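So the protein sequences, as listed, match chains A and B.
In terms of the working numbering, the first sequence opens at residue 1 and continues consecutively.
In terms of the working numbering, the second sequence opens at residue 1 and continues consecutively.
Keep in mind that the hints are not guaranteed to be accurate.
To be verified - With a straight-line cut-off of 20 Å between C-alpha atoms, the simulated EDC-like cross-links for lysine to aspartate or glutamate are:
#1 B:K57 <-> B:E79
#2 B:K14 <-> B:D107
#3 A:K110 <-> B:D107
#4 A:K52 <-> A:E63
#5 A:K110 <-> B:D38
#6 B:K14 <-> B:D26
#7 A:K56 <-> A:E69
#8 B:K9 <-> A:E69
#9 A:K56 <-> A:E42
By construction, these hints were calculated from the structure, which means they are not laboratory data.
What you are looking at is a predicted structure, and each value in this text was computed from that prediction instead of being measured.
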Amino acid sequence: GNSVTQMEGPVTLSEEAFLTINCTYTATGYPSLFWYVQYPGEGLQLLLKATKADDKGSNKGFEATYRKETTSFHLEKGSVQVSDSAVYFCALSGPGEDSNYQLIWGAGTKLIIKP
Amino acid sequence: NAGVTQTPKFQVLKTGQSMTLQCAQDMNHNSMYWYRQDPGMGLRLIYYSASEGTTDKGEVPNGYNVSRLNKREFSLRLESAAPSQTSVYFCASRRGQASNQPQHFGDGTRLSIL
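Sequences are here, hints too, so could you generate the full structure?
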């Protein structure tokens, strides 16, 4: 079945460092891919998405490219800020066994940015 | 811009008590979902409703029931709460079941069962 694997956290970086959070997936067909962010005490917010191979999603300085050849959707940001501290979830949407398009979630990666 | 609204935000129950978590969305979405989030476990789907009038079990449905009251509202009921149901519960909605559509989340209900 479909699955998503994210790098384990926490990931601790200094302000202005370069960020990569790895996400790989297993899926049949051509799923859509998403990154969500969860700030402390809040719900999940859509950060970016990509719906076909080689698409690049971007938002708030974050980017991720849908790589079908490596089944990956790594999240990157060139210069992180303390305000980026949050938990980041990778997810895919594709047909499941019942043909419904459920979101399959990674376990989440906690990001801590130190001033 | 209310989006997805969950009530209550916090609740403490005693073992064996019952309660209903409410969720409403104002985006005219067809599909709605209930998740629980536990430390180190990510999000786990409890129940979902692909469209008004239908509900289906997710990954962890035991101990829960749901009602899709109308297109806007989707409630989650704990009939006899157990300490293992202590968690943060999130409701989400989605325009439809198409692959490229994201889910939109409420702010969660933090539930403690003593």
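So, going through the hints one by one against the coordinates:
Between B:K57 and B:E79 the CA atoms are separated by roughly 16 Å; this keeps the pair inside 20 Å, and the hint holds. Among the hinted pairs, B:K14 with B:D107 is inconsistent with the structure: their alpha-carbon atoms are about 23 Å apart, more than 20 Å. Between A:K110 and B:D107, the direct Cα distance comes to roughly 18 Å. Compliance with the 20 Å bound is thereby established for this hinted pair. Proposed proximity of A:K52 and A:E63 is supported: the alpha carbons are some 15 Å apart, at most 20 Å.
With a CA separation close to 14 Å, the supplied pair A:K110 and B:D38 stays within the 20 Å bound. A threshold of 20 Å between alpha carbons decides the hint, and for B:K14 with B:D26 the separation of about 32 Å lies outside it, so the pair is violated. A distance of roughly 15 Å separates the Cα atoms of A:K56 and A:E69; the hinted pair therefore holds under the 20 Å criterion. A threshold of 20 Å between alpha carbons decides the hint, and for B:K9 with A:E69 the separation of about 43 Å lies outside it, so the pair is violated.
A C-alpha spacing of about 26 Å is found between A:K56 and A:E42, which places the hinted pair above 20 Å, so the restraint is violated.
When each numbered hint is compared with the structure, violations occur for hints 2, 6, 8, 9.
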